[in-house]
Structures are given as C-alpha cells and as structure tokens.
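Colleague: Sequence:
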Amino acid sequence: MEVRAYLAEQGRPMAARTWTSYVSRGQAPAPVRRVGRTPVWSPEDVRQWAAEASAARVRAGRRVAEPGA
1 MEVRAYLAEQ
11 GRPMAARTWT
21 SYVSRGQAPA
31 PVRRVGRTPV
41 WSPEDVRQWA
51 AEASAARVRA
61 GRRVAEPGA
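If you read the sequence shown in full-length UniProt numbering, its first letter stands for residue 1, the second for the next number, and so on.
Because the hints were derived from the structure by calculation, they are not lab data.
It is possible that part of the hints are untrue.
[Stated by the list, open to error] Distance ranges between label pairs, derived from CB positions: (1) Ala15 <-> Arg47: 15 to 23 angstroms; (2) Ala55 <-> Val35: 25 to 33 angstroms; (3) Gly36 <-> Gly11: 25 to 33 angstroms; (4) Gln27 <-> Ala5: 15 to 23 angstroms; (5) Ser42 <-> Ala16: 18 to 26 angstroms; (6) Arg37 <-> Gly11: 25 to 33 angstroms; (7) Ala8 <-> Pro39: 27 to 35 angstroms; (8) Asp45 <-> Pro13: 17 to 25 angstroms; (9) Ser24 <-> Glu2: 14 to 22 angstroms; (10) Pro13 <-> Glu52: 25 to 33 angstroms; (11) Ala8 <-> Glu52: 28 to 36 angstroms; (12) Ala55 <-> Ala30: 14 to 22 angstroms; (13) Val40 <-> Arg17: 30 to 38 angstroms.
For each residue, glycine too, the CB sits at the ideal point set by N, CA and C.
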C-alpha cells in the first residue's frame, strides 16, 4: 500500500520525511513484508493506525481536520 497516497486521500497529507520518521521510531505499523528493500503495509493496518492517531489527537485536545474540509 502507498501509505502517503492513502493518507492524502483521507484528507491527511503527510510529508515523506514525516512518514519515514514514524517508521524509524516505531510509531507506524510494522510492514507486513518487503519487496526487495521496500516495506509493504497492510491497508487494514494503516487504516487502523490512522484512526487511532486521529483519536489520540482528539483526546489530547488538538483539532483534527475532517477529510474533504
């Protein structure tokens, strides 16, 4: 799954460096496999991660942009 494209479609664009940082710090879901040196994520894992991250921001009192807004 192209994670950044999915997040952008959901109204949550993310810079490549931000995603890479999340992955290197263990804050992103673990890839389900690798194709060569390229990690591949499960769409369901990414959806769940994005939903949990949004919920955490709401609990922390930060505004979360609605997709399409």
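Colleague: Hints the structure violates: just list their numbers, smallest first.
Modeller: The structure breaks hints 7, 10, 11, 13; every other hint is satisfied.
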